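Construct the complete structure from the given sequences, taking the supplied hints into account.
One-letter residues, chain by chain:
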Amino acid sequence: MNLPKISRREFLIAAGCAAGGGLLLLLDVKDMQGALKAFMGETIEEVELNSWVLVSEDNSITIRIAQMEMGQGTITSMAQIMAEELDAEWSTIKTEFISVKRHFLENKLYGRTETAASWGVSSSIKRLRYAGAQIKAMLLAAAAKRLDVDLTELSSKNSFVIHAATGRKLSYGDLATDAAKQPVPDPSGIMLKSSHEYQLIGKSIPRLELPSTTDGKAVYGTDFNIEGMKYAAVAIFAKTADAFRVKNIENIKSRPGVYKLIELPQAVVVVADSWWIADMALKALSPELPDVSGDFSSDNIKSRLLDSLDVAPQTILRQDGDWLIAERDAKNVVEAIYFTPHLEHAAMEPISCTALVNDGSFELWVGTQVPEKALEDVARILGLPPSSGEIHLLRMGGSFGRRLETDFIVQAVEIARQMPGIPVKLIWSRETTMRNGFYRPAHLARIRGSLDPLGQLQAMSMRLVATAEGQSQAILGAATFLYSIPKVLVDFVSIKTSLRDGSMRGVAYTANCFFIQSFMDECARASSKNSYLYLLQHLNPRATPLTLPESPDKNPYLEAVPPRERMSRLKRVLNEVAQRADWWAPLDAMRGRGIAIHEEANAYYAVVVEVTLDGRGWFSVDRVIIAADPGQLVNPNNAEAQLQGSVAFGLTSAMYGEITTKGGIVEQSNFHDYKLLRCNEMPTIDIHWVLSEQYGYGGVAEAMTAAIVPALTNALYDAGGPRIRSLPIKNHQILPRQRG
Amino acid sequence: MADKVFHLMVNGKSLVVSAPPEKPLLWALREDLGLTGTKYSCGEGYCGACTVHVDGKAMFSCLVQIEAVAGHEITTIEGLSTDKSHPLQKAWIDSQVSQCGYCQSGQIMWAAGLLAENKSPTRQEIVDWMNPILCRCGSYIRVVHAIVKAGNTSIKKQD
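Top line first, the protein sequences correspond to chains A and B. Numbered per the working numbering, the first sequence spans residues 1 to 740. Numbered per the working numbering, the second sequence spans residues 1 to 159.
Just to be clear, a hint being listed does not mean it is correct.
Said to hold, decoys possible - A short list of chain B residues far from chain A (calculated; beta carbon distances all over 12 angstroms):
id: 1; residue: 6
id: 2; residue: 7
id: 3; residue: 9
id: 4; residue: 12
id: 5; residue: 54
id: 6; residue: 68
id: 7; residue: 71
id: 8; residue: 72
id: 9; residue: 73
id: 10; residue: 113
id: 11; residue: 115
id: 12; residue: 117
id: 13; residue: 119
id: 14; residue: 120
id: 15; residue: 152
As the list claims (entries may be wrong) - No farther apart than 30 angstroms at their CA atoms in a straight line, the calculated lysine-lysine pairs in the DSS-like style are these:
id: 16; chain 1: A; residue 1: 203; chain 2: B; residue 2: 149
id: 17; chain 1: A; residue 1: 217; chain 2: B; residue 2: 84
id: 18; chain 1: B; residue 1: 84; chain 2: B; residue 2: 149
id: 19; chain 1: A; residue 1: 662; chain 2: A; residue 2: 675
id: 20; chain 1: A; residue 1: 181; chain 2: A; residue 2: 169
id: 21; chain 1: B; residue 1: 57; chain 2: A; residue 2: 217
id: 22; chain 1: A; residue 1: 108; chain 2: A; residue 2: 94
id: 23; chain 1: B; residue 1: 84; chain 2: B; residue 2: 13
id: 24; chain 1: B; residue 1: 90; chain 2: A; residue 2: 94
id: 25; chain 1: B; residue 1: 13; chain 2: A; residue 2: 217
id: 26; chain 1: A; residue 1: 193; chain 2: A; residue 2: 108
id: 27; chain 1: A; residue 1: 217; chain 2: B; residue 2: 90
id: 28; chain 1: A; residue 1: 675; chain 2: B; residue 2: 57
id: 29; chain 1: A; residue 1: 203; chain 2: B; residue 2: 4
id: 30; chain 1: A; residue 1: 145; chain 2: A; residue 2: 169
id: 31; chain 1: A; residue 1: 283; chain 2: B; residue 2: 4
id: 32; chain 1: B; residue 1: 119; chain 2: A; residue 2: 217
id: 33; chain 1: A; residue 1: 217; chain 2: B; residue 2: 149
Simulated from the structure, these hints should not be mistaken for lab results. Note that the structure is predicted; figures quoted are calculated from it, not measured. Note that beta-carbon positions come from the ideal geometry of N, C-alpha and C, so glycine has one too.
What follows is the structure, encoded as structure tokens:
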């Protein structure tokens with residue numbers, strides 16, 4: 001049986017120890033050696049340095065992690081950065097998530113905790129490097145005092161301070177207590193390492209958090225257990241309903257194992273001694289769903305999107321030159337309408353949260369991408385200050401943006417507050433998770449291009465319509481393409497539907513990149529040009545007059561790169577991918593290749609996809625070749641895994657992803673009707689990094705989810721298949737086009 | 001739906017669970033026995049995250065009732081080895097397979113089912129075998145690579 005899980009923090013509080021700066025005597029009940037030492041009356045001393053790091057007397061180091069882990073390798077990347085400047089011995093590194101409570105109490109000292117937008121490394125690297133360097137400086141200062149030597153005579157390596165002249169070595173563990181008493185040095189006076197000194201940053205270090213996923217030891221939000229805990233299952237009803245009635249509700253209370261029945265606005269909750277019992281009890285309910293009009297059916301959403309193509313725009317996203325005149329005078333106009341549907345995040349771990357509410361305080365155990373927002377939202381509904389609660393952060397079994405929302409956390413607390421003093425673990429079934437999402441919105445775009453006699457685009461206009469209005473959810477990537485097109489208009493209309501909109505991995509780029517990269521391919525074909533050369537001829541930094549948009553990704557942690565330089569980086573990866581993909585080599589019949597380029601998160605991507613039509617309506621994705629320029633990388637092997645995973649994620653969206661509604665209810669409920677890519681559909685993936693030290697750490701975790709989609713649909717056309725303008729591909733028959 | 005007492009052999013230990021007979025093995029493992037390495041993801045046999053071995057055969061524990069497995073040998077991810085020494089676990093770490101890791105108990109247990117029957121499967125045999133197990137993070141390339149690696153090592157049948 002498992003020992004009851006007590007958090008380190010709880011133990012500290014129980015033992016009456018103060019937080020911050022001073023010596024902490026700590027007993028780790030999960031560690032057998034520690035338990036024995038405690039039994040013997042001995043203690044393991046750990047010293048906290050600069051709030052980021054605990055140094056143990058056995059010279060192991062615990063690094064606190066402020067960015068959340070959902071499979072992107074954040075824990076290891078953050079630890080690599082800190083350990084680098086700290087000159088820590090990597091084999092003794094442990095990690096723990098920060099205390100959110102402390103973060104609030106001490107003026108958000110851990111910096112950015114929200115984890116999204118592929119900004120993890122760029123938003124953290126400077127702070128972590130300086131923190132690590134500060135701590136090292138304190139250790140060196142302590143050593144200088146202890147050895148009575150000048151600082152210049154000391155060096156540091158592998159968690160030791162070394163005095164070369166005498167060969168004396170002092171471990172960080174030995175020095176920690178003294179180091180904690182040193183003044184924290186001013187960062188402006190600190191010299192960081194130069195990149196040629198790196199032992200860890202830029203290296204493919206095996207992930208610290210990976211081995212525990214091979215033996216069942218990793219604890220996700222859904223796995224958390226604490227003594228006395230109850231389980232909650234929930235049935236949530238249509239948001240569009242003003243009221244609903246549920247039959248058989250009285251029967252539920254008397255079922256064995258059912259502890260409590262709670263009715264929340266628009267939800268019924270069963271609390272039981274087992275989640276399975278709670279879930280079974282819910283299934284016995286017969287909800288009487290009110291008749292919701294057809295306004296919220298997918299067909300209706302589509303026709304409303306189409307109707308919005310010709311209304312007045314809500315926002316002009318980009319306007320360069322007299323596009324209207326250019327279009328009017330054009331001899332050759334290409335026009336196309338594209339559509340992308342709603343999508344659900346479909347992380348393998350369903351939605352869950354454990355909550356404990358007491359009088360005047362609360363505790364949560366949850367995987368979330370937004371620790372601060374979660375604490376604030378919960379505190380607000382309880383009418384308490386944020387400092388009265390703590391979130392014990394847990395890793396997530398995928399998230400992709402779904403756990404940026406706090407709806408389920410607030411719900412868990414609404415349940416827990418009705419059972420004060422009793423921890424309750426809320427788990428949403430797969431069906432509940434899928435039907436109560438914050439969906440990647442549906443988009444529609446009509447693009448018109450005016451081509452000159454050489455096929456060059458002289459004007460382009462795009463009307464974008466989306467079922468959301470947020471920058472991230474709807475707009476990113478629509479107006480910031482870097483092609484040398486003199487006259488451009490992009491305008492935008494949003495419509496409302498019954499589906500909540502949210503940010504899903506790749507966000508609005510996943511729609512807008514599909515639209516624009518498909519359109520470029522269609523224009524290439526219309527001009528009888530090769531797709532690769534067509535993109536190249538539109539990436540011309542010397543073309544004038546020319547207004548290029550700023551980067552769509554307003555990352556405050558990265559230096560802005562001038563537009564023409566961004567265009568050059570795009571050109572570079574485009575040429576690289578064409579070369580690596582052996583672009584000019586002929587392909588057999590029924591085979592094709594498609595190309596797409598993409599700028600996202602201050603990184604530049606070009607991708608070629610090779611497909612084979614099977615002649616019976618479907619196809620295989622054989623090979624994907626990527627040229628990627630994210631500037632620099634902290635962990636190349638992990639970044640490679642992120643690109644591989646993004647390809648799978650994007651292929652799923654392109655080929656299968658579709659959330660449809662009827663009568664206000666999402667029709668999909670599980671993986672039989674919301675299909676995900678499977679192992680035998682995975683192509684080979686060749687990744688070629690085009691790195692450069694002059695740029696910072698751009699994002700890698702999302703971009704390919706967007707770029708892979710048009711590369712695939714362009715490849716299908718190249719193979720002789722239809723032009724796909726409306727996703728998912730599964731709704732089409734992929735048969736060779738009629739010729740002649 | 002009344003509770004009955006069931007004797008289960010789990011990872012070599014004889015354990016007692018009191019539960020309704022139709023309770024899925026998945027939930028008996030996770031709730032009654034505290035073995036949370038076996039995961040709930042779809043609950044209906046579409047994804048394989050809940051894979052365990054019953055008498056050495058890989059199956060989805062969300063589809064198996066506790067009544068049906070009483071008295072049989074059950075192996076969960078926690079019992080594959082005591083120290084991550086199973087060739088698949090070693091290959092998983094070596095090839096850095098997992099991303100979020102949530103599906104990987106199922107991936108490994110299902111793969112172990114293949115290697116128990118076929119010590120050196122071809123790449124295509126691996127792909128075909130692994131198809132029932134979903135991964136949303138898209139770790140498939142490395143899953144297959146790791147099984148290819150592990151398949152070249154001799155397997156001692158683990159309890």
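Hint-by-hint comparison with the structure:
1. 6: Consistent with the label, residue 6 of chain B stays out of reach of chain A, its closest Cβ about 14 angstroms off (over 12 angstroms).
2. 7: holds (16 angstroms)
3. 9: holds (16 angstroms)
4. 12: At about 15 angstroms from chain A, residue 12 of chain B clears the 12 angstroms cut-off, so the statement holds.
5. 54: Check passes; 17 angstroms lies beyond 12 angstroms.
6. 68: Since the minimum Cβ distance to chain A is about 16 angstroms, residue 68 of chain B lies beyond 12 angstroms and the statement holds.
7. 71: It holds; residue 71 of chain B is separated from chain A by about 21 angstroms at its closest Cβ, greater than 12 angstroms.
8. 72: Label holds. Min Cβ-Cβ 20 angstroms, cutoff 12 angstroms.
9. 73: holds (17 angstroms)
10. 113: holds (15 angstroms)
11. 115: holds (15 angstroms)
12. 117: Holds, since 18 angstroms exceeds 12 angstroms.
13. 119: The claim holds: residue 119 of chain B sits with its nearest Cβ about 20 angstroms from chain A, beyond 12 angstroms.
14. 120: holds (19 angstroms)
15. 152: holds (18 angstroms)
16. A/203 <-> B/149: holds (23 angstroms)
17. A/217 <-> B/84: This hinted pair holds, its Cα atoms lying about 11 angstroms apart.
18. B/84 <-> B/149: Status holds; Cα separation ~16 angstroms.
19. A/662 <-> A/675: holds (19 angstroms)
20. A/181 <-> A/169: Distance of about 20 angstroms is within 30 angstroms: holds.
21. B/57 <-> A/217: holds (22 angstroms)
22. A/108 <-> A/94: holds (23 angstroms)
23. B/84 <-> B/13: Satisfied, since the Cα-Cα distance of roughly 19 angstroms is no more than 30 angstroms.
24. B/90 <-> A/94: holds (20 angstroms)
25. B/13 <-> A/217: At roughly 18 angstroms apart (the allowed maximum being 30 angstroms), residue 217 of chain A and residue 13 of chain B satisfy the hint.
26. A/193 <-> A/108: holds (26 angstroms)
27. A/217 <-> B/90: holds (15 angstroms)
28. A/675 <-> B/57: holds (26 angstroms)
29. A/203 <-> B/4: violated (55 angstroms)
30. A/145 <-> A/169: holds (14 angstroms)
31. A/283 <-> B/4: holds (22 angstroms)
32. B/119 <-> A/217: Roughly 27 angstroms between the alpha carbons, so the hint for residue 119 of chain B and residue 217 of chain A holds.
33. A/217 <-> B/149: The hint holds at about 23 angstroms.
Violated hint: 29 only; the structure is consistent with all others.
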